[in-house]
Amino acid sequence: MATEHSRSAARLMMAPAVFLLLVWMLVPLTMTLYFSLKRYLPLRGGDLGWVGLDNYVRFVTSSSFWPSVQTTLIIVGGVLLITVVLGVFLALLLDQPMWGQGIVRILVIAPFFVMPTVSALVWKNMLMDPVNGLFAHLWKFFGLAPVEWLSQAPIFSIVLIVSWQWLPFATLILLTAMQSLDSEQLEAAEMDGASPFARFGHIVLPHLGQAITIVILIQTIFLLSIFAEIFVTTQGSFGTRTLTYLIFQRVLESQNVGLGSAGGVYAIILANIVALFLMRIVGKNLDA
Amino acid sequence: MARAVTNQRKTVNTVVAWAIGLLIFFPVLWTVLTSFKTEAEAIADPPLFFFFNWTLENYSVVQERSDYMRYLWNSVVIAGCSTLVGIVVAIPAAWSMAFVPSRRTKDVLLWMLSTKMLPAVGVLYPIYLIFIELGLLDTRVGLVIVMMLINLPIIVWMLYTYFREIPGEILEAARMDGAPLRNEIVYVLTPMAVPGIASTVLLNFILAWNEAFWTLNLTAAKAGPLTAFIASYSSPEGLFYAKLSAASTMAIAPILILGWFSQKQLVRGLTFGAVK
Amino acid sequence: MGRIVLDKVEKNFGEVTVIPPLDLEIEDGEFVVFVGPSGCGKSTLLRLIAGLEDVTGGAIRIDGEDATAVPPAKRGLAMVFQSYALYPHMTVRKNISFPLRMAKLDKAEQDRRVEQAAAVLNLTEYLDRRPGQLSGGQRQRVAIGRAIVREPGAFLFDEPLSNLDAALRVGMRLEISELHERLKTTMIYVTHDQVEAMTMADKIVVLQAGRIEQVGSPLELYRAPRNRFVAGFIGSPKMNFLEGPEAAKRDAQTIGVRPEHIAPSPSEGMWKGRIGVSEHLGSDTFFHVHMEGYANPITVRSGGEVAMHHGDTIYLTPDAERIYRFDDKGLRIV
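Chains as they are written, first to last, in our numbering: chain A, 1 to 288; chain B, 289 to 564; chain C, 565 to 898.
Don't read these hints as lab results, they were simulated from the structure.
Treat each hint with caution, since some may be false.
[Stated by the list, open to error] Covered by chain A, according to a simulated footprint, are these stretches of chain B (three or more residues, beta-carbon under 8 Å):
hint : stretch
1    : 347–361
2    : 367–381
3    : 489–496
[Said to hold, decoys possible] Straight line, CA to CA, 27 Å or less: simulated DSSO-like cross-link-like pairs of lysine-lysine:
hint : chain 1 : residue 1 : chain 2 : residue 2
4    : C       : K893      : C       : K767
5    : C       : K658      : C       : K638
6    : C       : K748      : C       : K638
7    : A       : K284      : B       : K394
8    : A       : K284      : B       : K404
9    : C       : K668      : C       : K658
[Claimed, not checked] If you anchor each label on the Cβ, the simulated ranges turn out as follows:
hint : chain 1 : residue 1 : chain 2 : residue 2 : range
10   : C       : H874      : A       : G201      : 35 to 45 Å
11   : C       : E739      : A       : I103      : 52 to 62 Å
12   : C       : P652      : A       : L92       : 50 to 60 Å
13   : C       : E739      : A       : G201      : 29 to 39 Å
From the three backbone atoms N, C-alpha and C, an ideal C-beta is built for every residue, glycine too.
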């Protein structure tokens with residue numbers, strides 16, 4: 001619905017953004033694909049020629065691949081489970097009338113604004129440190145032996161830290177969705193004799209359905225690439241090496257660029273599978 | 289109609305919610321408190337909550353020893369410039385998509401979103417290599433470019449959803465009134481969209497401020513922002529709790545304050561308009 | 565200055581034809597109303613004239629010059645939008661002076677024209693307010709003021725009254741008519757409300773599915789509709805249409821007779837029926853009469869106070885001179 005003049009103006013004005021993102025996507029992607037087909041060791045001889053799909057095979061058959069996939073899945077799944085369940089609970093709670101609602105909301109949301117390196121460092125040292133950490137003091141107070149969190153329960157610890165960071169996100173989105181629920185619907189259900197549990201199961205939860213899906217998809221995409229939390233806490237040791245961290249180590253630490261790039265391609269494919277579902281929902285919303 | 293609620297129930301809600309809220313907020317609170325202690329008090333057993341000798345010493349030590357201001361300035365420049373450049377690039381694009389939609393608009397929007405989904409680690413080495421070739425490694429310019437690009441899809445999306453709420457008739461009226469495209473955007477659209485643009489700036493500033501993959505991998509001492517500054521404390525020689533806390537507090541304080549203003553925008557920005 | 569000629573103007577959106585080739589002449593100083601049901605293409609036609617949409621084919625001439633490819637701002641036309649499209653961040657004064665600022669008129673002239681328009685439209689005391697602080701009628705006036713100051717060759721109105729409540733609408737209708745009397749500038753006015761069309765227009769253009777069904781003065785359309793669509797669209801309440809034996813008797817597919825051209829009687833008449841719903845308006849009474857063999861009730865106008873009620877038998881006599889006959893294509897048989 002416009003004139004040819006405004007349509008050509010529109011194309012022109014979209015061009016810079018589209019061009020920048022196109023370059024940003026295509027150039028590195030092509031390079032990653034290129035390196036993934038080569039044996040490329042910058043510190044040990046550089047470009048050693050084409051190896052076909054060798055890197056792809058070696059990446060998945062290396063002994064660290066499957067453990068890293070497993071670690072990734074446990075971390076992502078654990079964080080999702082914790083944040084969604086607690087997020088729904090918190091959204092329900094914060095939607096209730098109370099004194100100081102605004103302040104409570106701020107308290108709950110705060111962790112999201114803490115930069116990942118800070119939260120990792122604070123948890124690692126001030127809370128989880130087996131000698132001076134607050135948890136150690138607490139454990140000793142109850143007469144228990146302090147836990148060496150990051151070596152004895154490394155994955156649990158990381159799940160805990162990351163969940164703390166992402167719980168506000170889930171809560172905030174679910175709370176927003178909750179507030180768009182027509183309260184008359186709940187009142188009608190109450191008049192119809194539905195118990196609080198029935199109201200939650202038949203009205204609230206279905207209403208939150210789409211928001212929960214979105215929380216899961218967006219968090220999955222971000223969680224698949226968590227980095228700073230592991231970089232600061234365990235550096236990938238004690239079985240906390242996720243796929244992202246493994247690729248990082250291959251590329252920058254052991255400088256095996258070919259192998260790392262093949263891993264990168266796997267990561268890209270994995271993220272795109274999740275993204276596809278997300279985009280379908282977002283796209284549907286766009287039509288409405 | 290608000291439902292009538294007994295005071296008793298409201299009290300229970302309040303107590304439970306405050307307890308949970310404080311529990312979630314506790315790590316932040318503890319960090320801030322510790323930053324005012326001496327190192328000995330910081331690791332005291334049993335822990336000291338409020339009754340200790342409040343001191344600002346840690347803050348001055350952190351500033352002296354690690355040049356906090358330089359990292360802070362890097363953070364401000366990187367987050368600020370990347371957001372501003374992003375806005376300037378995104379406003380015309382969002383205008384096009386919101387007011388002159390074509391059959392491809394939806395595809396372009398979704399494609400932009402998909403670039404945001406690209407896992408950073410997948411393109412780490414190419415970017416690293418390009419940065420070395422162009423001399424951008426450990427420079428603020430380099431990080432501004434990368435931050436701008438990774439946040440551009442979110443900026444375009446947010447502006448797009450805000451612009452769509454502005455009736456197209458007003459822009460047509462401006463066109464009828466003789467405003468050329470530039471004036472239409474500068475005098476009519478932009479002032480009307482100020483709240484939306486401000487929210488977009490705020491959220492993207494926060495995202496850029498907290499970004500901790502590229503900032504850690506592409507900077508060293510020179511252009512490192514606060515994320516890198518804090519990461520440097522993870523090495524054992526930096527383990528002084530009170531100083532670590534002071535540094536952390538300084539790194540997160542500005543953004544915590546900004547963040548509280550942007551709760552609503554956060555939802556819109558991070559769900560790409562799918563939850564309002 | 566404002567003679568507008570549409571020459572085989574045509575508009576398609578992709579595959580969909582919104583307006584098939586269409587010719588129309590609008591004389592300088594005329595008040596022309598485009599009327600038709602929603603989706604008939606009347607707003608699109610206005611936007612084509614404004615230049616907010618490109619024509620797919622044909623030409624638009626303004627004062628004899630080809631304006632088909634001229635951008636909207638350069639056509640010398642002003643438009644009042646349905647939503648008023650006021651700039652919410654500007655004061656009334658800035659809103660009204662916006663086109664003058666865009667045209668880079670000198671400040672004194674800008675002020676003079678704004679003051680003048682404000683005086684005409686009773687807006688003087690609101691000049692420093694923002695649109696958000698005004699009532700619907702006042703906003704409407706600001707939108708008109710913004711159009712007046714440009715001293716355009718023609719005004720384009722796109723359903724300008726549809727967002728006002730009923731009482732205000734009647735008032736604004738009169739104001740716009742008065743404005744036309746005073747300025748004598750061409751006005752093109754789009755509405756779906758045939759009452760607005762009848763009361764305001766010098767010339768009505770009835771549109772359906774992008775086609776012009778008929779062009780003429782309000783009374784011409786009322787007296788001599790070209791086809792069944794126009795006959796049914798113009799006039800309130802709507803014309804009654806009858807098919808079957810009554811139509812066949814008069815050599816037509818359908819016959820039409822307006823509610824005001826039927827004489828009701830409790831005792832004798834041409835057609836016999838039973839009163840269904842009756843609407844008492846005080847000045848008039850409308851009976852919906854059910855007749856044997858006809859699915860739809862017939863609407864009949866009667867005087868204000870009549871002693872006939874729901875369920876009564878009623879006799880109807882149409883005015884023989886005012887029975888319209890239509891053929892199987894819906895065209896009126898003359």
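- Query: Checking against the hints above, which ones are violated?
  - Reply: Hint check: 1, 3, 10, 12 and 13 fail, others pass.
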